[in-house]
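Engineer: Here's the letter readout for the chains.
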Amino acid sequence: SILSFNSICLVGIDMRISRLHRGGEMSATLKPYLNAVRSSLTAALCVENFESQVVERHNKPEVEVRSSGELLLTPVIVSRNEKEKVLIEGSVNSIRVSIAIKQADEIEKILCKKFMRFMMMRAEHFFILRRKPIQDYDISFLITNFHTEQMYKHKLVDFVIQFMEEIDKEISEMKISLNARARIVAEEFLKNF
Amino acid sequence: MSKNTRSADFRKVDVDELDEEKFIDEPEVSQDDDDTDVISKRESEVKSLTLGGRNLDALKVSLTDPPVYSKDESAKKRNFDIVLDVLTRFRQSEVEEAVKKLDSEQVDILMKYIYRGFAEPTENSCGILLVWHQHAVAVGGIGSIIRVMTSRKTV
Numbered sequence: 001s002i003l004s005f006n007s008i009c010l011v012g013i014d015m016r017i018s019r020l021h022r023g024g025e026m027s028a029t030l031k032p033y034l035n036a037v038r039s040s041l042t043a044a045l046c047v048e049n050f051e052s053q054v055v056e057r058h059n060k061p062e063v064e065v066r067s068s069g070e071l072l073l074t075p076v077i078v079s080r081n082e083k084e085k086v087l088i089e090g091s092v093n094s095i096r097v098s099i100a101i102k103q104a105d106e107i108e109k110i111l112c113k114k115f116m117r118f119m120m121m122r123a124e125h126f127f128i129l130r131r132k133p134i135q136d137y138d139i140s141f142l143i144t145n146f147h148t149e150q151m152y153k154h155k156l157v158d159f160v161i162q163f164m165e166e167i168d169k170e171i172s173e174m175k176i177s178l179n180a181r182a183r184i185v186a187e188e189f190l191k192n193f
Numbered sequence: 001m002s003k004n005t006r007s008a009d010f011r012k013v014d015v016d017e018l019d020e021e022k023f024i025d026e027p028e029v030s031q032d033d034d035d036t037d038v039i040s041k042r043e044s045e046v047k048s049l050t051l052g053g054r055n056l057d058a059l060k061v062s063l064t065d066p067p068v069y070s071k072d073e074s075a076k077k078r079n080f081d082i083v084l085d086v087l088t089r090f091r092q093s094e095v096e097e098a099v100k101k102l103d104s105e106q107v108d109i110l111m112k113y114i115y116r117g118f119a120e121p122t123e124n125s126c127g128i129l130l131v132w133h134q135h136a137v138a139v140g141g142i143g144s145i146i147r148v149m150t151s152r153k154t155v
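Protein chains in written order, with the working numbering: chain A, 1 to 193; chain B, 1 to 155.
Chain B extracted, bound-state conformation:
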């Protein structure tokens, strides 16, 4: 018998690691480390808009450029707090026309924040979030929900 057959080292090779088609889940990381500055600026802008009573503009500002690429959890949390604050300021009757004025990308981002709001419920948030969800689905359709579920870029 040849020498080859005696060695059993081939059993120790991890075949799955060597698989060329193996899926590696690496979300894109942002080059920009100034997320905290951007978010602070957004926070103050949103605050001034809501104090001025311009809730819809505040909503649009809070929904632009969400930190989806950032690995910094605190930055994401702060942005989420800003958005949730704006969402809870709306009255039930104002939600419908506010959603109608958003474009499709903003509706998708809004849905992501609505679901994050559901995941971290506070005393008063769920009621108004359910109203937001109802109108966002009316505008965005089931597709907007599916995009939340399939997107790797969590907000």
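With the rest of the complex left out, here is chain A:
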């Protein structure tokens, strides 16, 4: 009876791993979603140098300062479903892109939070990453005219899209390895009985 208990536990963990590969129905919307984000980003990334109108000799990203209404564009959202969406806020000299990542259960929420925190602490090395995400989103980018002057616009857009694809894959991989480790631990522990 102890042995059957072991096998039931392992089957339970197996079933959870197989449910991870349910990607089927979701991936139908993935390509159109990324294409919509790509075209919206390309449209928003028309930024040029614009000095501050409020303070002499200062140059601030207007999307962050939000001091003058005439410099800001209407924020635009592209959503794949109620949980996954991208918010694009534009302005004359900068844009802010915020991504809400799919988090299906508690484990994914924790993994996502830690992963995003890891990256945001190293935001300086990323150049375009923002240290804090916008409210209701998991990660935010701030792209200014200085970035578009130094880097290719289409490459910046490619980077953001690739980032979105990779994040989902990485979190799934982390979850699978986490479950595999949990399975091994459970196996070892239950061998004692």
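Just so you know, these hints were derived from the structure itself, not from any lab.
Just so you know, even glycine gets a beta-carbon here, dropped at the ideal spot from N, CA and C.
Do not rely on the hints blindly, as some may be mistaken.
Unchecked claim - Simulated coverage check for chain B against chain A, where a stretch passes if three residues somewhere in it have a Cβ under 8 Å from a Cβ of chain A: (1) 60-71; (2) 130-140; (3) 145-151.
Starting from the known structure of chain A, fit chain B onto it as the hints suggest.
Structural biologist: Then chain B, alone, in the frame of chain A:
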């Protein structure tokens, strides 16, 4: 010393308010207060067209004269509901030719509603909205997206 220099009241003057070039963001307000009637009429017309299976005509009717000037949020919401209902009735294969039959102004208005649809996602809307977005961009180009972002007249 003359008397002038002692007063420090000039420090209390708000210079920004007196700036002649200051931007004041005032969207045009419609004179017409009968938005609700117009929208109800549109609602019933669209309903009859969709029940008759003429989805494309329903789409054209729903996209004419959006209440961009109105300050009434409920009127805008109702119009949005009408448009979203029509958009979700299309099948994926029908979207492409429907977009091709719209003129450029209608495509721009369609884009505004697509983005509003993304902002208020429901269970089934996002999938078909992504298809609409793809074909609207194919017809309208990146310019139609930029016009959504820069336009002050929100739908």
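Engineer: If a hint holds in the structure, say so; if it does not, say that too.
Structural biologist: How the hints compare with the structure:
1. Closer than 8 Å: that is the beta-carbon criterion, and the segment 60-71 of chain B has 0 residues meeting it against chain A, so the requirement of 3 is violated.
2. With 5 residues having a Cβ less than 8 Å from any Cβ of chain A, the segment 130-140 of chain B passes the three-residue criterion, so the hint holds.
3. With 6 residues bearing a CB less than 8 Å from a CB of chain A, the segment 145-151 of chain B meets the requirement of three and the coverage assertion stands.
Taken one by one, the earlier hints fail for this structure only at number 1.
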